[in-house]
Amino acid sequence: MRLGLLLAGFALIGCAELQQRPSPPPPELSTGGDPVRGGAEALVLAFADGGRALAGRPGEMALAVARLEYMTEALGSDPRLAPVPEAVRFQMVAARRESRGALGMAESVPPPRAVNALLATRRALAAGDEPAARAAIAAVVSPSGLPPLGRLADMGGLPQAAIATALLRDEVQRLDLERGWRAGPLPSESPFAGISTVGLGGNTDR
Numbered sequence: 001m002r003l004g005l006l007l008a009g010f011a012l013i014g015c016a017e018l019q020q021r022p023s024p025p026p027p028e029l030s031t032g033g034d035p036v037r038g039g040a041e042a043l044v045l046a047f048a049d050g051g052r053a054l055a056g057r058p059g060e061m062a063l064a065v066a067r068l069e070y071m072t073e074a075l076g077s078d079p080r081l082a083p084v085p086e087a088v089r090f091q092m093v094a095a096r097r098e099s100r101g102a103l104g105m106a107e108s109v110p111p112p113r114a115v116n117a118l119l120a121t122r123r124a125l126a127a128g129d130e131p132a133a134r135a136a137i138a139a140v141v142s143p144s145g146l147p148p149l150g151r152l153a154d155m156g157g158l159p160q161a162a163i164a165t166a167l168l169r170d171e172v173q174r175l176d177l178e179r180g181w182r183a184g185p186l187p188s189e190s191p192f193a194g195i196s197t198v199g200l201g202g203n204t205d206r
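Take 1 as the starting number for the sequence shown in this note's numbering and just add one per residue.
These are calculated hints, taken from the structure and not from any lab test.
Watch out, some of these pointers could steer you wrong.
FRET-style restraints, in silico, Cβ to Cβ [unchecked claim]:
#1 Gly76 <-> Ala106: 14 to 20 Å
#2 Glu178 <-> Gly33: 16 to 22 Å
#3 Ala87 <-> Arg134: 33 to 39 Å
#4 Phe90 <-> Asp154: 24 to 30 Å
#5 Pro79 <-> Gly38: 18 to 24 Å
#6 Ala139 <-> Asp176: 36 to 42 Å
#7 Gly56 <-> Ser108: 28 to 34 Å
#8 Ala87 <-> Ser142: 26 to 32 Å
#9 Arg37 <-> Leu146: 32 to 38 Å
#10 Glu86 <-> Ala135: 34 to 40 Å
#11 Pro147 <-> Ala53: 19 to 25 Å
#12 Pro131 <-> Gly180: 46 to 52 Å
#13 Asp129 <-> Pro27: 15 to 21 Å
Treat the numbers as computed from the prediction; the structure is a model and nothing was measured.
Cβ atoms here follow ideal geometry from the backbone N, Cα and C, with glycine treated the same way.
I would like the entire structure built from these sequences, with the hints used as guidance.
Encoded structure:
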């Protein structure tokens, strides 16, 4: 009897957690509206040509790669995004692997850490503090080959990112049209479990 009550309590807790309003993305990834739809559109704009339009703009490339990391992680962790087809998730993971390879970032780097480092790099570049930018990006990339900021300035083209982000945008639009979101309308905020908001206007720990 006690076991049954305990399990029922766990189930109620689980349901309450799913109903809680999820944490928003870092402010720098905000698109001024829904982060999934807006994020998907922003990714298409950034990577439609494989990111070549961002050549020579390391700060903007850092933002685009951070958004790719964020969206890929959200697709794998947010149960409300479960209707997005597995094939699209696979393509997004492949795009993340491609961008990490071009940047010199190991697969073992946790996505929240990657996002924080990339956004810190962008902030430092926007402030004209190149030493701080080098230090921020060096925390997540290997020291061999081109300097990390040089890699951000010339990623060499990311065709997989172009494919994956277009597929994601198209699937989000299709699910909207077909009302395919199982739990009703797509939530207005998307969670990213474990991401630090230190320096982004929050006060959570790493």
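The hints, checked one at a time:
no.	hint	in the structure
1	Gly76 <-> Ala106: 14 to 20 Å	holds, 18 Å
2	Glu178 <-> Gly33: 16 to 22 Å	holds, 21 Å
3	Ala87 <-> Arg134: 33 to 39 Å	holds, 38 Å
4	Phe90 <-> Asp154: 24 to 30 Å	holds, 27 Å
5	Pro79 <-> Gly38: 18 to 24 Å	holds, 21 Å
6	Ala139 <-> Asp176: 36 to 42 Å	holds, 38 Å
7	Gly56 <-> Ser108: 28 to 34 Å	holds, 30 Å
8	Ala87 <-> Ser142: 26 to 32 Å	holds, 31 Å
9	Arg37 <-> Leu146: 32 to 38 Å	holds, 35 Å
10	Glu86 <-> Ala135: 34 to 40 Å	holds, 38 Å
11	Pro147 <-> Ala53: 19 to 25 Å	holds, 22 Å
12	Pro131 <-> Gly180: 46 to 52 Å	holds, 48 Å
13	Asp129 <-> Pro27: 15 to 21 Å	holds, 19 Å
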